[in-house]
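Those sequence lines, one after another, are chains A and B.
One gets the working numbering by counting positions in the first sequence from 1 and adding 755 to each.
One gets the working numbering by counting positions in the second sequence from 1 and adding 237 to each.
I should point out that these hints are in silico values taken from the structure, not numbers from a laboratory.
It cannot be assumed that every hint is accurate.
[As the list claims (entries may be wrong)] Straight-line distance between alpha carbons at most 30 Å, and here's what the computed DSSO-like set of lysine-lysine pairs gives:
| no. | chain 1 | residue 1 | chain 2 | residue 2 |
| --- | --- | --- | --- | --- |
| 1 | B | 327 | A | 1059 |
| 2 | A | 965 | A | 1176 |
| 3 | B | 327 | A | 1045 |
| 4 | A | 1246 | A | 1069 |
[Unchecked claim] For the chain B half of the interface with chain A, some residues (derived, Cβ under 10 Å), not all of them:
| no. | residue |
| --- | --- |
| 5 | 329 |
| 6 | 333 |
| 7 | 341 |
| 8 | 347 |
| 9 | 465 |
| 10 | 468 |
| 11 | 500 |
Idealized CB from N, CA, C, for every residue including glycine.
Each chain, letter by letter, is given below.
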Amino acid sequence: MKFFPMHTNRPLFNILVIGLLLAWVPWLGLSAFWLSFFYLILYWSVLTLSWNVFSGYSGYFSFGHGAFFGIGIYTVAYMCGQLEMSFLPMVCLAGALAGGAGVALGALVFRVKRVRGELFALLTLAVTFIIATVVLNTPIDGGPGVYLNSVQVPKLGPSTPATFYLLILILFVVALLVSRYISTSKLGVALFAIHDDEDAAEVMGVPTFKTKLAALFISSSMAGIAGGIHAVFVSYVTANEVFSINVPLFVVLMSILGGARHWAGPALGAVVITSLQYLFTIGDNALMGKMALGVILILVILFKPDGFLGNRAKANSRKAAKQIADSYGVRSNSAHQDTPTHFHVDHQHAHHHAHMGESAGKRQHSSEVLLSAKDLCMSFSGLKVLQNLNLEIYSGEILGLLGPNGSGKSTFINVVSGHYKATGGHLSLSGVEISELKAHQIAQQGVARTYQIPRPFTNLTVFENTRLVASYARGISLTQATPFAVEALEKVGLGSKIDALPQDLNLHQRKFLEFARALAAKPKLLMLDEVLSGLTPSEIQSAIDLILSIKAQGTTILFVEHVMSAVMALADRIAVINYGQLLAQGDPQEVMRNPQVITAYLGKKLDNA
Amino acid sequence: MPSLHLIIQSAVSGLLLGGLYGLIGLGLGLSWGLLGQINLAHFGFLFLSAYLSYQFSTTFAINPLWALCILPPAFFAIGAGLHALIRRFKMTPFNSLLLTFGLTVIVDALIQWIWTADFRKLEYAQSNLKLELSGIYLPYAESLSFALSVLCASAVYWVMKRTDMGKAVRAIAQDPQMSTAFGINQKFITMCLAGTCTALAAIAGICVSLIFTLNPSQLYTWIGVVFAVVMLGGLGSAFGPLLAGMLIGVSESITMVFIAPSWAPIVSFTLLIGLLLLRPDKI
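With the hints as extra help, turn the sequences into a complete structure.
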């Protein structure tokens, strides 16, 4: 059964067809029982899909979905049940309030850098209990619960159960469309990147804070709307039921079971689990049902941690990458997969650029300062790693940054890229102060970096890894970013690996994926953090060729490296830092003869030696 | 304005109850902080132990404290076995949370099946004993659980700081691979630690059965406050949960006196969120 084919627009078509088919159900003459059963399936699907849009995609598992859902329920219960407002506007209000609560919560907790993963899960659970207590102790509920029997619902179907069924069906179709849309959108890919490596995503230009808030808003407002409808469906709400641990746990369970990375996975999980539960309830075996749920959860976690559709989600993204590769006619030189690719540095091209850069010689550069660090300080609770560092990088040069281990080279890169915020001093890029900017803003200004230990987004294809960076760093759409990503991957020789997942790459290929991502961003300043370490001599040669060809395009390069032969071959200038201060800088040969530099590396000569 | 006597009495009650919070949080925090497992099954084991302790002393009509000799060793074995399973499948902290939640659901269903959803109260000879100190009452069960809590926290502290075993545990928590390279039997040590955490749940469960009327649905109501205790107290700390538990217990009971009992649940979470946002480094 080919229910969810991968062509880009087929899923949208399928969703609408499924929606229309399901819309017939109330006219089939089914009993109210079955309509309610179908209602519950769709209702749980909506809750799970809405949860998944933020939590499943980004990996920030929220246990607070009950809070957003509960806000929706109590908005309608209070406004319609007690103040007798009309239903539909209040459902919209429910969505708005729940969404607002989601953004407020997110804005509060995501400011704290250490709030990650499980801490977030428990925090959101705590918020649920707080809201429950407030509801219980104020006139919103007050304890006895709220009756909603008298609320008028616009008549959509032949009967009241049919009306509820159709209401939730509309929401279900919307939720599926949203889930599908996000999974292929720029926002969605950013969420996947946050899931895999949030810090790297931020440094590569993804505004992680805003992305999380946007997704959390969509997620919680959908939950609020579902709650608003459900309040009238159950017609009597109590705080203990609404805010019970069931909602958050069931949505987590259903998502995991169906496959949190597939847009339709949560719905599948919801269908399976709701049906199972009903089966046991009908057979008067609620306890057995509970036990079965527990067993299923355990088995899924142990044997299928990616869920039913987990593999399909991966296959889909690989297929999409493959299609892109085909449409761009990427050469598949699979015969040389594991040998390093040799770069044909386009010498004519290189020359051309060299002339443009006012000088033809290798050891020269323009006098225009690209990056300037003034009195830059960085300390970690008292440990001063950078102490009033002054360093300038000129446009178009390759600057080799050297220093003994622990001298502050990597910290310098982390400060320039905005991962760490400098504790003092100034940093400017082309005369623009960047020390106060967030990491993703600095990336968008044209600063890219590679990591010494490659940090690819492990669940995204090589292509998506690269395109994401191109899209966010340049501030363009995914479609616009596609050719840049393909170009960058071909340049580093990963054209044949375009649809691979990072786990299928060897170290050398992963390092080149780092290059490709940086290149796709088209940076003004590229910072290479020990790209050569761990490579074989022939791989080093191909990396050196690649670096030269990047320089030939006019990109300025800061180059941290311990492989001295490469440094001497590549660098136009060398700067040596020690204890976070500039020790020497200038022509490579001269700097390496500087006695201070020798002392820093090898220690002092004994006087009597 | 409530009388001073009432305030002191409720603060003392809160302090004693906080001891129990700390005792429940101790095992949970150890496995979270040192094993990287968020063990929701801790609550399943807690209630399983409470019900077993109830059954044990009702059936044999003996002092429930005898359960202290039987249940903790038995639960130690269960916890160690569970850990062996989790180790085999190399689980992320989050998946361990889901797995142990599945386990908790099963235990919950099991309890309902055996003991039904009715309320159960353990009756024992000392249940009405109280110690009176100048007008302030210290009930038997609460005082006992507080004492056990202090005892367990001290024992954990001593083992962690003073014994080779404790040093090995801390080494594993810091760098599992390195510790193995230095000859630490990781599997054995972590199984012992996981067993200890579950045994601590068993001890706490006996205390719960002495103090509270049992009902399966209460299993989930403990989760919030105990997690708050663990996170406030610090993961893997010995005395942290006890101190945090006392803080939360006292603030809850003071809230009950000054505002209303129904507002009490908000205290622990407000404390937690406040701390998290103001002092994130301390978590």
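Task: Those earlier numbered hints the structure runs against, lowest number first - done: Per hint list: zero violations.
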